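A.B. asks: For reference, the chains in residue letters:
2 protein chains.
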Amino acid sequence: MLPFEKAEYQERVRKVKASMEKQGIEVLLITDPANMNYVSGYDAMSYYVPQGIVVATSLEEPVCIVRLQDLYCATETTWMAEENVTAYPDKYLWEPKVLHVMDFIGDLLKEKGLQDKTIGVEFDAYYFNAHWYKKLEKSLPDAVFKDATALVNWIRGPKSVRELEYMQIAARIVEKTMYNAIERIEAGVRECHVAAEIYSDLVKGTGVYGGEYPSLAPIMPAGERTAGAHFSWTTEGKYQKGQLIYMELSGCYKRYHAPLTRTIFIGEPPERVKETAKVVVEGLNAALSAVKPGITCEEVERAWQTTINKYGLEKESRMGYTVGLSYPPVWTENTAYFKPGEMTLLKPDMTFHMMPGMWLDGYGVAITETLRVTEKGCETITRFPRKLFVK
Amino acid sequence: MLPFEKAEYQERVRKVKASMEKQGIEVLLITDPANMNYVSGYDAMSYYVPQGIVVATSLEEPVCIVRLQDLYCATETTWMAEENVTAYPDKYLWEPKVLHVMDFIGDLLKEKGLQDKTIGVEFDAYYFNAHWYKKLEKSLPDAVFKDATALVNWIRGPKSVRELEYMQIAARIVEKTMYNAIERIEAGVRECHVAAEIYSDLVKGTGVYGGEYPSLAPIMPAGERTAGAHFSWTTEGKYQKGQLIYMELSGCYKRYHAPLTRTIFIGEPPERVKETAKVVVEGLNAALSAVKPGITCEEVERAWQTTINKYGLEKESRMGYTVGLSYPPVWTENTAYFKPGEMTLLKPDMTFHMMPGMWLDGYGVAITETLRVTEKGCETITRFPRKLFVK
Chain A
28 MLPFEKAEYQ ERVRKVKASM EKQGIEVLLI TDPANMNYVS GYDAMSYYVP QGIVVATSLE
88 EPVCIVRLQD LYCATETTWM AEENVTAYPD KYLWEPKVLH VMDFIGDLLK EKGLQDKTIG
148 VEFDAYYFNA HWYKKLEKSL PDAVFKDATA LVNWIRGPKS VRELEYMQIA ARIVEKTMYN
208 AIERIEAGVR ECHVAAEIYS DLVKGTGVYG GEYPSLAPIM PAGERTAGAH FSWTTEGKYQ
268 KGQLIYMELS GCYKRYHAPL TRTIFIGEPP ERVKETAKVV VEGLNAALSA VKPGITCEEV
328 ERAWQTTINK YGLEKESRMG YTVGLSYPPV WTENTAYFKP GEMTLLKPDM TFHMMPGMWL
388 DGYGVAITET LRVTEKGCET ITRFPRKLFV K
Chain B
28 MLPFEKAEYQ ERVRKVKASM EKQGIEVLLI TDPANMNYVS GYDAMSYYVP QGIVVATSLE
88 EPVCIVRLQD LYCATETTWM AEENVTAYPD KYLWEPKVLH VMDFIGDLLK EKGLQDKTIG
148 VEFDAYYFNA HWYKKLEKSL PDAVFKDATA LVNWIRGPKS VRELEYMQIA ARIVEKTMYN
208 AIERIEAGVR ECHVAAEIYS DLVKGTGVYG GEYPSLAPIM PAGERTAGAH FSWTTEGKYQ
268 KGQLIYMELS GCYKRYHAPL TRTIFIGEPP ERVKETAKVV VEGLNAALSA VKPGITCEEV
328 ERAWQTTINK YGLEKESRMG YTVGLSYPPV WTENTAYFKP GEMTLLKPDM TFHMMPGMWL
388 DGYGVAITET LRVTEKGCET ITRFPRKLFV K
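One line per chain: the protein sequences are A and B, in this order.
So the mapping is simple: our numbering equals the position in the first sequence, first residue as 1, plus 27.
So the mapping is simple: our numbering equals the position in the second sequence, first residue as 1, plus 27.
Looking at chain A on its own, in the form it has when it is part of the complex (with noise of 0.2 angstroms):
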């Protein structure tokens, strides 16, 4: 059972082949999870040994390639044609000095006659490394190739309504998680114990909808752990009255994400914490009420630096990317951010992670929301109250 219908997989491929195009390019070859997900179906995790999908505008099914144990997976999960799924024996692997499964690739290009075509590849993939790239400018020695980086990542920008009846389930997973994980956190408590419940909410899911493993684990400090941006629990650690808490979270379904992050105090926050807070707050919802199409994404961010800068704070890194379909070691579409200077115009259906985190001198406050564009505005696709919890 596919999550999607085959026509809207071929859609994608169809605006996958006209930005190709546009691009001047004639072969694409997708590394990235995600990517390969998009366009085929494929998903298992496999992804850390190389694989791939083509895309030519010469062929009309993309081309899934996996290790021979995952032949299986790929069929299973891929909508294309028997013949469109092709696997590589393990002597393609573990032997970086004789064959690699970029030769195979390479093969498979030349029994195409594409070998020496404008081929796309996503340099700035995190599942492409400077090795593979060496190996398959050796095995294609007559193709031009083009940075395709992304290409498949800015297609995925607009969610159809299946993918965001996905993320909505993910939302609903990630608020029921986050419920239960303030409710657990009390002083005394051990934070691996509230860690443990946060997975097994996740994974319990909706009720009727089981959930998936995140791209990304719980990012949870406690105390002065608070000031780094992205620390799990404590293996040992207990909960302290007075400690701060912040947890960032996502339900993932069908493999996409809702996230959602909260702070948290126990015992009695001081003035500064709670004044914090409260900007954050407010920056958050001035930046949600700037959200609407044609906007640009550097305008949302003004949005919310304006209103942080009325009471002297400032935030130097981004305060939002886009979020959906993922695979480890994140869940960012690495795409378009909420930052200064990003002039990508806002366009109805794509879905953010407004992330509006202050890292101070000691501590951390990080209140956010996962949002969709919609035609007229914004809506948030995660609902939970936007307020510093106290406990």
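One or more of the hints may lead you astray.
[Unchecked claim] Subject to a maximum C-alpha distance of 27 angstroms in a straight line, what follows is the list of computed BS3-like cross-link-like pairs (lysine-lysine):
1. B:Lys118 - B:Lys44
2. B:Lys44 - A:Lys165
3. A:Lys161 - B:Lys161
4. A:Lys265 - B:Lys33
5. A:Lys33 - B:Lys265
6. B:Lys137 - A:Lys124
7. B:Lys124 - A:Lys342
8. B:Lys42 - B:Lys281
9. B:Lys161 - A:Lys144
10. A:Lys374 - B:Lys124
11. B:Lys124 - A:Lys165
12. B:Lys124 - A:Lys44
13. A:Lys281 - B:Lys265
14. B:Lys44 - B:Lys161
15. B:Lys374 - A:Lys124
16. B:Lys203 - B:Lys265
17. B:Lys144 - A:Lys161
18. B:Lys137 - B:Lys161
19. A:Lys124 - A:Lys44
20. A:Lys337 - B:Lys49
21. A:Lys118 - B:Lys337
22. B:Lys319 - A:Lys118
23. B:Lys124 - A:Lys161
24. B:Lys342 - A:Lys118
25. A:Lys265 - B:Lys165
26. A:Lys124 - B:Lys44
27. B:Lys414 - B:Lys319
28. B:Lys124 - A:Lys42
29. B:Lys124 - A:Lys49
30. B:Lys118 - A:Lys173
31. B:Lys118 - A:Lys319
32. A:Lys118 - A:Lys139
33. A:Lys165 - A:Lys139
34. B:Lys42 - B:Lys144
[Claimed, not checked] Examples of chain B residues lying across from chain A (beta carbon under 7 angstroms, computed):
35. Tyr99
36. Glu263
37. Gln267
Keep in mind that the hints were calculated from the coordinates and are not lab data.
This structure is a prediction, so every number in the text was calculated from the model and none was measured.
Using N, Cα and C, we set each Cβ at its ideal position, and we do this for glycine too.
Fit chain B to the known structure of chain A by using the hints.
C.D. replies: For chain B alone, coordinates are given in the frame of chain A:
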């Protein structure tokens, strides 16, 4: 609180420098998060942006480079002096055509007078993509780049006493988790509910020791899906009578892993499944008996292959790999493998995940152990009944 004494990190750096000198490398840029952790202690979920550790034969301590947002994470988790932990602002990110983190790293090397040295980079690491390499090359036109893939990984092979203690804790975690998961599996139970309890057990840990998130989500296909090697649970599926299930799980403590796989049948297993499981266990035991210092990895694989060949079975893919410290997307060390042609000699305290799995037509059986090479032979770090579990 660092997970190792400063002296242990310094000893690791000494070994890295010795290997660099042997390979004619004056400066090493480490971007693999496990390698970064190994030499510096750095531990945060920030690996989705470019970051690195510079080790130079001319510098006493490594230099850690992270994103400004992660500076606190770096100062908290590394052992080096404050001046050797540095951070770049967000303007180096999300602007592929303007500034890049590799420009920041290039400037740092220039400041230290290292711009014209022989620089080793991990071309074949997950976290060093083709774009980063192009940027680094451009930023350092006078440098000579040399492949240093797995230079640090190989040093990570033989484990210290403390590292083995962490793997033992990870093993206790995965044994408890596997036991509970097998207990819970029965016809009518939802796959995602068992997955939820698995995560909960992995994260709760042993009681005394909490667990961390493993580098790969649980692999746990059921029924026909066992014919694919890298499926996880389904969100809505329920276990059924007559189904085969295998689960590949890993405990994780201080980022050290101990993977374990077992196969379960609900109801009375067909003869061919019982037979395959028996052969897999016999092959596993034969291979475990073969392990000792001084023999090659391929000899271990041969002991397995010879055993299963007697029963008319054959395994195409490798049947084991080095394991220990890791971050997503996988827990392998990417050095030595149990496979034909692998001439690496076993040394005491190397640790492997011995992975004899058979993916046959329509079903798969896998029964594995994490092991340590001892002075005279081998001991398993994971301890769990080696058999097909029948529910």
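A.B. asks: Run the structure past the numbered hints and jot down the numbers of the failing ones, going up.
C.D. replies: 1, 2, 6, 19, 20, 25 and 37
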